[in-house]
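Now that you have both chains on their own, put them together as the hints suggest.
If you read the protein sequences in the order shown, they are chains A and B. Here the first sequence is numbered in my numbering, starting from 1 and rising by one per residue. Here the second sequence is numbered in my numbering, starting from 1001 and rising by one per residue.
Do not rely on the hints blindly, as some may be mistaken.
Here are the computed distance ranges between Cβ atoms for each label pair [what the hints assert, rightly or not]:
#, chain 1, residue 1, chain 2, residue 2, range
1, B, K1063, A, T43, 26 to 34 angstroms
2, B, I1122, A, K88, 42 to 50 angstroms
3, B, M1130, A, M6, 30 to 38 angstroms
Pulled a few chain A residues facing chain B out of the computed Cβ check, cut under 10 angstroms [what the hints assert, rightly or not]:
#, residue
4, K53
5, E114
6, E136
7, S153
8, I176
Keep in mind the hints are simulated off the structure, nothing from the lab. C-beta atoms are modelled at their ideal positions from N, C-alpha and C, and glycine is treated no differently.
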Amino acid sequence: MNINSMLQPLANKNFTYLTKGIVGAVVFTTVLKAVGRPAFIMTDKRNKDPEAKKYTATKEFLYQILCLGLTFAMVIPTQHITFAFSKKLMKGIKELEKIKTYGAFKEVCKDIDEFTPKAIKLLGTKEKGLTGTAREKFNLVKGADEMGSFISSLVGLTIVAPLISHEILHPVMHAIGMGKKDNNIGKPTETFLADAKVPNDKTNRLNENA
Amino acid sequence: MADTNSAYKFTQLMKDNLKNTFKFFGESPHGATIIACSIAIFKGILRPTFTMMDKKSDPETKKYAAMREGLTEVAAFPLYAVTPWIAGKIVDKFVSKETEEFAKKRIKTNAKFLAICASTLIIPAVCNIMQPPIMAAYKRSQDAKKAKMAENMPKAITLNKPSFSGNSLPVRNLNKSNYGMRVGN
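Bound conformation, chain B alone (with noise of 0.2 angstroms):
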């Protein structure tokens, strides 16, 4: 029984909330901001995400480019969030008292909506002036790390050349002589 009316309660709970998405879909004026809002966030994690998940390429090929399109969408969201809001604030304070209230509210839709095509337009060029300085110090970042690496690993032994001049005997090279598939000897 009591089962039951969890269940009863949780259909009901469930109910409501879509029935309040819905009405919230059906009735904000917001719906482009939204729809722009949620394609960068979306983008800025699946992205990335199959960028690395990309077998053919090189790791750090990858590491870049998914860094890259993730500073895309970084650029992205602020400035779809942003532009529709002061967008909307220009509205209400520039447009006259005497507009009716329906008109108000569409010239309010489509100012946002401008804005948000505006930040489209403007994107690419944010992402010039941004990304380089980041990218640059992620590459020094990264090559500082190598060098590190480099420092660190234990230094290879070098042998000394075998000479085959004049009537000496052959000397045998002791660097390949365990390197691939012989035959005899």
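Looking at chain A on its own, in the form it has when it is part of the complex (with noise of 0.2 angstroms):
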């Protein structure tokens, strides 16, 4: 089996539409390094500390989960208003008029070479792809779909993330029993008289004789 047949499965539809755009990309990676991350730390032999290594893990994996849905949370309104404002730019051309949603552009969005059958349906062509000024006017409100994709990821991973990670993650590891036992180190810390199992002798011997 020689290089360019095992490249050929690459050049799938359906794989293309995925990869292609930010989204796909952003949640790929954010998906990998979830998995991948934890696993990495997991099998690290430089660090002996079992549960060190539990922890370091279980954080990275939420802070990555957190991530992706801060993708989520950002990009799909970016791109829903975007659209909203760009949409005009397909305006007159007779071959775009019939996308009027967003679920419609992205249908078409899949392959402007080669339409998929939803696509063809929904734009009542006979056309195998879009070519000439109608596929330009197509190219820019794309672009502009990818430009909105890529600020509000860029904004979601570097700026959102990193601020409200500590707030939340905290909490959340917490509450699955994973906080850091060692946090208190160098804190004044609270005795409760109740809590405190000091063992007084003349205090039993008198509890004894009473």
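Pasting the structure below:
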């Protein structure tokens, strides 16, 4: 089997739809980080403390899950807002007039060289793909959509996630029973008399005598 | 009139720039590479900044953590930039000439994407190799700095320990003479 035949499965249409966009890249890499990084931490032989490894791996996993959630929470509204503004660019183009909703736009987006059956039905066209001015205008709208995704995922992953992670991850870690035990080192501790189990022989003897 | 003209020119320029940016994002097959590299750059700048801004942590710990975070992204950026480029070159070299142009384009996009995914998995291993010597060197330099500062500091005056033994009168402890709040005396 030569490399050429090994590369041919990469021409898959559906896989290309997932990989060519910015959101696809962000989602795939975040999922890989959520799986790969904790696995790497757990298999790291330099760190000998299994408890520390477990703690770091869980924290990393939760952080990546938070990033994934943030990506969806920020990108989806941005895409809809961007489309609402940028669809004006398609006005007056006969081939694109039927694209009214974001869902329809995404369906055509899947492949503009070779329409999907759904896209053909939606556009009511006999053409194989987009050409000329229609293609140019559609690419502008697609570009606006990609740019919106780019900015929102960048803001989400590099500004919002580090800022809120501390506030969210610590309570979650505590809730699942993985709060860091050495957090209180150096801090004054409160000891309640009721909880203190200090043996007091004199008191015990008095109690026994009573 | 001149103001209106320059404002119009500025608006037109902005419109053109925005259009060009839309065109670039719409037609570029390098979406995955662009976002991965951008995230690495922004994280490399912002994460250490946020760490240094944390008022609760110890300054030394903050510096150490910020440096580690910065180094992680320093390792990530070239990997995200170079691996897709290599993948593209491999596709160009090995895909047969009979393959249709659009299929070749798809193969290239997907190969680049897979290269990004591979980089994501490789980065922790690269950091594990690259970071320890750099961090050790940093720690050594910090220790050397501290030792030098300690040498240059004026030596503390040591007072003779007051003696309370035998029948001698208690000697006033000079160390405590100006310390704390006292009542009377």
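Evaluation of the provided hints:
A hinted range of 26 to 34 angstroms holds for the C-beta pair K1063(B) and T43(A), which are about 29 angstroms apart. Against the hinted window of 42 to 50 angstroms, the Cβ-Cβ separation of I1122(B) and K88(A) comes to about 44 angstroms, which satisfies the hint. A C-beta distance of roughly 31 angstroms is found between M1130(B) and M6(A), which places it inside the suggested range of 30 to 38 angstroms. Interface hint status for K53(A): violated, as the beta-carbon distance to the closest one in chain B is roughly 13 angstroms, over 10 angstroms.
Look at E114(A): its Cβ gets to within about 7 angstroms of chain B, closer than 10 angstroms, so that hint holds up. Interface restraint check for E136(A): the shortest CB-CB distance to chain B comes to about 8 angstroms, inside 10 angstroms, so the restraint holds. Satisfaction of the interface hint for S153(A) is found here, the shortest Cβ-Cβ separation to chain B being roughly 7 angstroms, below the 10 angstroms cut-off. Interface restraint check for I176(A): the shortest CB-CB distance to chain B comes to about 23 angstroms, outside 10 angstroms, so the restraint is violated.
Checked against the numbered hints listed earlier, the structure breaks hints 4 and 8; every other hint is satisfied.
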